Structures are given as structure tokens and as C-alpha cells.
Amino acid sequence: MEKKESKKSQSIDEALTNAKNADKKGYIIMRELPTDEYFEETSNAIKKLTEQGYEGVYLSFQRPFSNISDSFQNQGIDMDKMLVIDAASALCCAEDKKGSDPHCVPIEKKTNVDELVKAIYSSLPKLHGKKHFVFIDSLTTITLYKPLSETIRFSDFLVKTVRRSDDAEVTLIFNVSKDLSQKDFIRDVAFKVDEVVEA
Amino acid sequence: MDIEGQLENLSDGTIVLLESQAENSMNASYAALDSLINKQGKIGIIITANRPYANLMSVYQQKGIDVNKILFIDCISKSQGLELGEGGNVLFLDSAEDLTKIALSIDGSISRIQANKFVMVDSLTTLLIHNPPQMLARFMHGVLTKMRMGNTSGVILSIDKQTDNEVRAEVAQLCDRVVKL
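Sequence lines, in order, name chains Y and X.
If you're matching positions, the first sequence starts at 1 in my numbering and goes up one per residue.
If you're matching positions, the second sequence starts at 1 in my numbering and goes up one per residue.
Chain Y with its partners taken away, still in its complex shape:
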């Protein structure tokens, strides 16, 4: 059976409007970001989400909590509107000096996919408001540490869980670098999402 391509849009604003208008509680977006402005684009999206009344869980594979927290606060992002799961420190077995901050969700060193999913779904009920996001900062970085099969299982599980969600509105956002977006497993994920944003 031929796979149906996901809807395409040019900006996170457009995608969030489509998410709002969609007649479902779980909406899934993949953002293909310019590699050389990756974190800047990520921060801009988080700023927009929090300014639009979303609260969420930010899964960071790329940077430790202290750096995320400092950078976001410098951008004027309200950290009270999010919980950060510091997978970057855990994957390389390091300990962040701000790991005990209430906005940081601690996870075991050398964490596995099941723990990550569990950390996301045990964090969601701690958020306030009705509009929630789950933000995955990079789908390819996890493949540096985990087999591809585990990464695929991780994204599939998140997609299915968000689709089944019957709590608040949850928008799941996967970030990926444009230069890596043609990898087979990323194309597969792109077919499963509601919308692909080419930033």
C-alpha cells in the first residue's frame, strides 16, 4: 500500500494553528531545521509555544540541563512552563551541576528507551493548563548511543501514546536536522506524523 505523505507547512505557527483546528487531542509535528541554526530555531519554537499558553516536557539529547536552562532564560523563556529531561548528560554518563533543579527530571545514566518514555509520561501530569507539548530536540542524536531499532521503537511508542491520549491536548514535536532528514528511519517517522514543518 502506498504511504500517504504528511501535510507540509513552513512555520511552527502554521503547524500550531493546524493542531488547534484539528479535531483530535494528540497532534504530531516533525520539524526539519537548518543544521547551522539548529538551537536558535529550537529556542524560537519553545518561546512561541510557551507564549501561546503551552506547558510541556522538553527531552534534551543535545545539551545538558544547565545549558538549556541558562539559554532559555536568556531568551526570556519562562522555565516554570516546562520540565526538562536531561538525556544528554545521562547518555554520556555525566552529572549536571543543576541536576537537582525542580525543572529537571532526573534519569539514570546510560538510560534506555523505556525509561525515557516513562520519564515523559510521568512528567505530563505535573504540567498545568490544558495545552501540553512534548518536544524531542533531536531524533538523530539518540542513534549515536542506541541501536536504530530502539530509536524507531521510541518514536513509534511516543506517536501511538500521543494518538491514544485522552487527557489534555498534547502536541508532540520531533526536531531533525535538514541535512539528516533523508535518512530512511526519519522518512518513516515523517509518514507517521500529522505535519512536517520545513523551517
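In case anyone wonders, no lab produced these hints; they're calculated from the structure.
What follows is a list of derived Cβ distance ranges for each label pair:
no., chain 1, residue 1, chain 2, residue 2, range
1, Y, GLY53, X, ARG112, 41 to 51 Å
2, Y, LYS47, X, SER58, 44 to 54 Å
3, Y, SER122, X, VAL59, 50 to 60 Å
4, Y, ASP13, X, LYS161, 26 to 36 Å
5, Y, LYS109, X, ASN151, 19 to 29 Å
6, Y, PRO34, X, ARG112, 33 to 43 Å
7, X, ASP107, Y, ASP78, 25 to 35 Å
8, Y, THR17, X, ASN165, 30 to 40 Å
9, X, GLN114, Y, HIS103, 25 to 35 Å
In this text the structure is predicted, and so the values were computed from the model without any measurement.
Backbone N, C-alpha and C define an ideal beta-carbon position, used for all residues, glycine too.
Position chain X relative to chain Y; hints supplied.
Below, chain X alone, put in the same frame as chain Y:
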């Protein structure tokens, strides 16, 4: 804007991927070191897989770089059987293939140097000659994560269009800025 201008106003802890043509790579490193050491007064930890310590000491001194503010992690002299030379500002590692030892040396150096510091990797392209792309990308992720924890600045040198695309993309998205010379 020239390279000095691009590096001048970066806040502490900023990590830059500095890409140049092969023929300009030494100029790129001189300019970065002049800005970070001579002008900003930072202490540098340089991981060299490109040129041996003795050679770098000589050319940096000729270019007026204050080498007393540099700790070299030399990954090439031993494996090439070169004379190691003497100096209190160098660690000679067995080879550029031993990424675990390189990572440990960087960690140790970062924690020993209390002053405002940066790490320079010279270069991503050369480390790729010695290591599989996936392993090198993972090594860079680990090193950059630990640098960020200590708010350590960084410059990753790379030769434009001669670095494996996937490794380049993985590393570039971990950096705060990409500067092309």
C-alpha cells in the same frame, strides 16, 4: 565580517564550528587563537591530530600567540614516532584513535584549569581519518556535553566539504554557531 569579529563578542561557553578551505586552515586557527588567547585572555586546551606539538609551538610563537596560555593534547607525535620534545604544557597521547583517552584528557584538563578557558579541536576532518564516523560523532557529543556543563568555550576546526556529511551535521547542530572562513 572577519573571523576576529565573529569570535570577538561571543559569550563565555559558546561553542563554534569553524570551517575553512584546507589552504586556509592554519590561518583560521591563528585567528581564533589570537582572538581567544591574546585578546580575550582565555586559557586554551588544544587537541591536535593535525600537527605535532613541536611544530605548533614553533609556528604559534612566530605568529605571536602566547603559548604559555596553551595546554596541548598531542594525539599524533607518538603514533608517528616523532621526537616528543620537552615542555610542561603538553600531554602526549598514543594515537588519535584512542577517543576514550582523548576524552579523559580533555575532562581532566578542563577540571584542572580554573581560569576562563576554551577547548580547540584541530581538527574534526583529521579525527575522521582515524575513527569511524559514528564513533567520532558520539565522542564529540560527549565532549561538547561536558564542556557545556563547565561553561567551557570551544572551537571545532573543520575543512569545508571534506568532512563526512553526517558527522558534520551532527556536530554542527550541537554548536552555537557555524563560522565559515
